[in-house]
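First to last, the sequence lines map onto chains R and S.
Note that this note's numbering gives residue 43 to position 43 of the first sequence, counting from 1, and the numbers run on in steps of one.
Note that this note's numbering gives residue 592 to position 438 of the second sequence, counting from 1, and the numbers run on in steps of one.
Derived from the structure by calculation, the hints contain no laboratory data.
Relax, there's no trap hidden among the hints.
One-sided and incomplete, this derived list gives chain R residues near chain S with beta-carbon spacing under 8 Å:
#1 P21
#2 R41
#3 A46
#4 G98
#5 I105
#6 Y137
For glycine and all other residues, C-beta sits at the position ideal for the given N, C-alpha and C.
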Amino acid sequence: MPATLLVNGKKHEIEASEETPLLWLLRDTLGLTGTKFGCGRGLCGACTIHLDGEAARACVTSFAEAQGKRIVTIEGLAANETHPLLRAWIAEQVPQCGYCQPGQIMQAAALLAQTPRPSGAEIDAAMATVLCRCGTYLRIRRAIEHAAQEGGVR
Amino acid sequence: MNHTTNLTRREFMQVVSMAGGGLALGFHLPANSMGATDAAAAFVPNVWLKIDTAGLVTITVARSELGQGVRTALPMIVAEELEANWEDVRLEFALAHPDKYGDMTTGGSTSVRGSWEVLRKAGATARAMLITAAAQKWNVPRETCRALNGAVQHEPSGRRLGFGKLVEAAAQLPVPSDAPLKDAKDFRYLGKSLPRLDVPDKVYGRAIFGVDVKLPNMLYATVVHCPVFGGKVKSFDAKKTLSLKGVRQVLEIPTGIAVVANSTYSALQGSAALTITWEEGSHAKLNSAGIHKMFEEKSASAGVVVREDGEVTQAMAEAGRKLEAIYELPFLAHAPMEPMNCVAHVSAERAEIWAPTQAPQWAQSEVARVLGMPQEKVAVHTTLSGGAFGRRSMTDFAVEAAQIAKTVREPVQLLWSREEDMQHDFYRPASYHRLSAAIDRNGRITAWRHHLVAPSISAQLFGGQEDERRPDAVDGAAQVPYQIPNLRVEYVMANTAVPIGWWRSVYNSQNAFVNECFFDEIAAALGLDPYALRRRMLPEDSRLRGVLELVAEKAGWHKPVAPGRGRGLACHACFGSYFAEVAEVSVEEERRVRVHKFVCALDCGPIVHPDLIAAQVEGAIAMGLSAALQGEITIANGRVQQSSFDDYALLTFEEMPTVEVHILPSTAAQGGIGEPGLPPVAPALCNAIFAATGKRIRRLPLRSEDLKGT
Numbered sequence: 001m002p003a004t005l006l007v008n009g010k011k012h013e014i015e016a017s018e019e020t021p022l023l024w025l026l027r028d029t030l031g032l033t034g035t036k037f038g039c040g041r042g043l044c045g046a047c048t049i050h051l052d053g054e055a056a057r058a059c060v061t062s063f064a065e066a067q068g069k070r071i072v073t074i075e076g077l078a079a080n081e082t083h084p085l086l087r088a089w090i091a092e093q094v095p096q097c098g099y100c101q102p103g104q105i106m107q108a109a110a111l112l113a114q115t116p117r118p119s120g121a122e123i124d125a126a127m128a129t130v131l132c133r134c135g136t137y138l139r140i141r142r143a144i145e146h147a148a149q150e151g152g153v154r
Numbered sequence: 155m156n157h158t159t160n161l162t163r164r165e166f167m168q169v170v171s172m173a174g175g176g177l178a179l180g181f182h183l184p185a186n187s188m189g190a191t192d193a194a195a196a197f198v199p200n201v202w203l204k205i206d207t208a209g210l211v212t213i214t215v216a217r218s219e220l221g222q223g224v225r226t227a228l229p230m231i232v233a234e235e236l237e238a239n240w241e242d243v244r245l246e247f248a249l250a251h252p253d254k255y256g257d258m259t260t261g262g263s264t265s266v267r268g269s270w271e272v273l274r275k276a277g278a279t280a281r282a283m284l285i286t287a288a289a290q291k292w293n294v295p296r297e298t299c300r301a302l303n304g305a306v307q308h309e310p311s312g313r314r315l316g317f318g319k320l321v322e323a324a325a326q327l328p329v330p331s332d333a334p335l336k337d338a339k340d341f342r343y344l345g346k347s348l349p350r351l352d353v354p355d356k357v358y359g360r361a362i363f364g365v366d367v368k369l370p371n372m373l374y375a376t377v378v379h380c381p382v383f384g385g386k387v388k389s390f391d392a393k394k395t396l397s398l399k400g401v402r403q404v405l406e407i408p409t410g411i412a413v414v415a416n417s418t419y420s421a422l423q424g425s426a427a428l429t430i431t432w433e434e435g436s437h438a439k440l441n442s443a444g445i446h447k448m449f450e451e452k453s454a455s456a457g458v459v460v461r462e463d464g465e466v467t468q469a470m471a472e473a474g475r476k477l478e479a480i481y482e483l484p485f486l487a488h489a490p491m492e493p494m495n496c497v498a499h500v501s502a503e504r505a506e507i508w509a510p511t512q513a514p515q516w517a518q519s520e521v522a523r524v525l526g527m528p529q530e531k532v533a534v535h536t537t538l539s540g541g542a543f544g545r546r547s548m549t550d551f552a553v554e555a556a557q558i559a560k561t562v563r564e565p566v567q568l569l570w571s572r573e574e575d576m577q578h579d580f581y582r583p584a585s586y587h588r589l590s591a592a593i594d595r596n597g598r599i600t601a602w603r604h605h606l607v608a609p610s611i612s613a614q615l616f617g618g619q620e621d622e623r624r625p626d627a628v629d630g631a632a633q634v635p636y637q638i639p640n641l642r643v644e645y646v647m648a649n650t651a652v653p654i655g656w657w658r659s660v661y662n663s664q665n666a667f668v669n670e671c672f673f674d675e676i677a678a679a680l681g682l683d684p685y686a687l688r689r690r691m692l693p694e695d696s697r698l699r700g701v702l703e704l705v706a707e708k709a710g711w712h713k714p715v716a717p718g719r720g721r722g723l724a725c726h727a728c729f730g731s732y733f734a735e736v737a738e739v740s741v742e743e744e745r746r747v748r749v750h751k752f753v754c755a756l757d758c759g760p761i762v763h764p765d766l767i768a769a770q771v772e773g774a775i776a777m778g779l780s781a782a783l784q785g786e787i788t789i790a791n792g793r794v795q796q797s798s799f800d801d802y803a804l805l806t807f808e809e810m811p812t813v814e815v816h817i818l819p820s821t822a823a824q825g826g827i828g829e830p831g832l833p834p835v836a837p838a839l840c841n842a843i844f845a846a847t848g849k850r851i852r853r854l855p856l857r858s859e860d861l862k863g864t
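Can you make the complete structure from the sequences, with help from the hints?
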């Protein structure tokens, strides 16, 4: 069934079955490859995006669930290159291989949008489910704290 | 490019002409790039340095960016000697070629140390030529000119010409063979943590990994492999799959069934709808318990002696006291975040491959072989890798993509599911170790024996190539660093049907655990401080002792540890570098081990980029802890039992300890960085658990029952 998705502020008419995971519509249909495939079961967080401002896993979000919601991907967030969280991510030189980083950033951006000055425990709780095999966790924490101090993440 | 000057065979560098004008130097990186020179061989330039008329510097080096930062580190080396502006330097990925670039494999922690010398010489040579060109232009003595920030300036007059304005004249000059290298004290870039060139794209979501390659009219494919090692397709029913919207084709390839579709989702959906009957083959009964039993049995037989110092048997017989222990380690998966994938486009005459690979030449030759094409008809583009850790040294995914694309005749992106990735890896080998030590009446360690049973990666992959006297499995076991007069290391090869491959630090990941935990056992048995005993038994001027002393100082080894916590120490040398690490842990409710802190000291010789080193150490600690705390691949009925991140868990954000990295300033031989930080992680952790609880961990991963009573 054709339906409209609102991705990064733009409407897209998409023809797909209702259960199609949003991840593949973003990557294969819309060519937004910043959102990554890691497991397909919501276990790793590499595909994290925002649905109405909340962090969500695109691999377990269906086309039907995504309809009518504001979808933001890493490309949407990075449309503003001076976004404080992205600046902090660069300043702290977070990525190694870089594959999980869009998911990490989207998870952190959702956290800071809701909790601009998160405690260490709040950062732990929010970031616990996004995996990084390269082990960039310490830098992710520094980048989140760095961005929180600078403010303006909302 | 055409050669415009003809130099003697011994020259390692020459000018080549460059489209659009400019200076291009080709220089030769020895095939076995570990400092060996094969200058007597015919000159074949395999690394390129180009400076165009706008002053933009491009180097082409055949090393894969896996997250270790080669795309930043290698240009830094050239920029330093060239006196280029950092902002003007670019790195180009090289297209796979059988011999143009020498060995293009990225592995063995060799990217920087294998390129260091040649890249410095290249930069220095180009600088010397640019200075000569400027001096001739101004008609001034060469000694009065110097290069700085992408330009040559005449010191007395202050005249200045950018490199871009000098390249055409420089290209006409003979290539000097003795251009002086800079003194380390004058380095402006080397040793500094310049911003990584690949970071912005990775942060903005623009970096292109293998899975992100998109070609016009590209189709999407996935593969279902026989769950049993060595099994084959007996029959399959694709009716349901072919009835699904978006599915284009189902085809059998030698390793399984491929589904080709208009989207990744349709391919995955189609693969789930397949009915396949497998010919499970002879390994359908293989299981972990059986492998363990086989290892145990082989442990009773004499092995190939790979190191024999003194008279071990006699020293053991005369021992005042003997210590014995058995250590065991499991198979491990690489589990990079980006599953195996590859894009292939195959026509009758040629093939083009886009792959996140550590071994583009091997991929090229294997693809050529299965397609029955000459190697030069196969172009392999190396993309960024979403983690690699040794897994992408293999060529299986590229071969499959080529086989599918050969049938489909349109560009195809093959992507494995996470489950296929986890269950069809080339695993870190499991191993079984019998250790014994003799202590004499004066409390001195007089003998050390290590009997090691493990599958051999090189034997399993390459058959009869295994050299009995120097098997791969003893890496890190044979190199006991301590001065023990009687020492024997022996090995029994115990191959299985479980595919194995190189996993970050390879056999050092098992052998450092065994050596350093057993050494700790000896210290405990003697009632000695494990630091003091290590220090005493390492050669006085050794680099390992240097980092051991540094880590003890930085970790406050002699200061009391917080109540409830324990500190553990391990040191190990491999890949040319020397590492010592101190872990601080506590064991909390329900025997949950909490790792608070790691302090690492290392000596890797001259350094390029301290923050890249720190990042690699952080990564090695995360990967080492994932393995030690939870990592285990088990086999039942010939199948891997784990399938994703729920049953093969990785270290998570809140489990990551703080990490301190201390680099010992050193002018000694340069070592690698990607791997050597990993081996000391598990032994430091387990020695810390012993310090905290008195429980000695002799098998990994950590099991709750091994902490009973704490």
